[in-house]
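Take the sequences, apply the hints, and build the full model.
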Amino acid sequence: MKKILPVILLAFVLTTAFAYVDDALSFAQEAALPYVKKGFSVREDAWGGDLGVKEQQAMQAQLFKGNEYWFCLGTDVKGAVLTVNIYDSKGKLVNVETTRTGRLSAVRVVPPKTGSYFAIVTVVKSSQERTGWALVYAYK
195 MKKILPVILL
205 AFVLTTAFAY
215 VDDALSFAQE
225 AALPYVKKGF
235 SVREDAWGGD
245 LGVKEQQAMQ
255 AQLFKGNEYW
265 FCLGTDVKGA
275 VLTVNIYDSK
285 GKLVNVETTR
295 TGRLSAVRVV
305 PPKTGSYFAI
315 VTVVKSSQER
325 TGWALVYAYK
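For this note's numbering, count along the sequence shown from 1 and bump the result up by 194.
Derived by calculation from the structure, the hints in this document are not laboratory data.
A couple of the hints might just be wrong.
[Said to hold, decoys possible] Pairwise CB distance ranges (calculated): (1) V247 <-> V290: 21 to 29 Å; (2) G273 <-> K307: 34 to 42 Å; (3) S321 <-> E291: 26 to 34 Å; (4) G296 <-> F258: 25 to 33 Å; (5) G309 <-> G273: 31 to 39 Å; (6) S220 <-> V247: 31 to 39 Å; (7) Q256 <-> G296: 14 to 22 Å; (8) Q256 <-> S321: 30 to 38 Å; (9) V304 <-> V230: 14 to 22 Å; (10) N289 <-> G233: 18 to 26 Å.
[Stated by the list, open to error] Derived pair list, reagent style SDA-like, types lysine to any residue, alpha-carbon separation capped at 25 Å: (11) K231 <-> V288; (12) K272 <-> L298; (13) K248 <-> R302; (14) K334 <-> I314; (15) K231 <-> T277.
Every residue, glycine too, gets a C-beta built ideally from N, C-alpha and C.
See the structure below:
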């Protein structure tokens, strides 16, 4: 029994952690729905994790001049405020438009040139010590 308990506990923790990000992913995909209705395609790639208040995480994406993108961020933590901003390789903010509704946030980008861009996710406010989040992006 002593050997089984740690295994059961580890399985519970891992299942809870994956559910945490899966729930946030559902919200991120919900944030992308209005853009899908406008002809955008959502990439299968997604990023996710959990952050404390005022913590940030960066993700890199290859964007192409001539395309338009929406980066859509979601969390399952009610009342949490998260932001996403997109920067070029020189650190210049390239957001064209930003929206935020409840647990969802989105930013539109029209890259001036093809290259590597960086999405920075920040937890601005949350009632939780760690806030689960997920980020997807759509293009057209």
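We went through each hint and held it up to the structure:
Hint check: V247 to V290, Cβ distance near 27 Å, so the stated range 21 to 29 Å holds. Take G273 and K307: their Cβ atoms lie about 38 Å apart, and the range 34 to 42 Å holds. Range check, S321 to E291: about 28 Å between beta-carbon atoms, so the 26 to 34 Å window is met. Distance hint check: the CB atoms of G296 and F258 are about 31 Å apart, consistent with the given range 25 to 33 Å.
One distance hint, 31 to 39 Å for the beta-carbon pair G309 and G273, holds here, with the actual separation near 36 Å. Distance hint check: the CB atoms of S220 and V247 are about 22 Å apart, inconsistent with the given range 31 to 39 Å. Take Q256 and G296: their Cβ atoms lie about 30 Å apart, and the range 14 to 22 Å is violated. With their beta carbons about 36 Å apart, Q256 and S321 fall inside the hinted range of 30 to 38 Å.
With their beta carbons about 18 Å apart, V304 and V230 fall inside the hinted range of 14 to 22 Å. Taking the beta carbon of each, N289 and G233 are about 21 Å apart, inside 18 to 26 Å as hinted. Between K231 and V288 the CA atoms are separated by roughly 24 Å; this keeps the pair inside 25 Å, and the hint holds. Between the alpha carbons of K272 and L298 the distance comes to roughly 10 Å, so the proposed pair stays at or under 25 Å and holds.
At roughly 23 Å between alpha-carbon atoms, K248 and R302 fall within 25 Å of each other, so this suggested pair holds. Proximity of K334 to I314 is assessed by CA-CA distance (about 21 Å); at most 25 Å being required, the pair is judged to hold. For the hint pairing K231 with T277, the CA-to-CA distance comes to about 23 Å; that is within 25 Å, so the pair holds.
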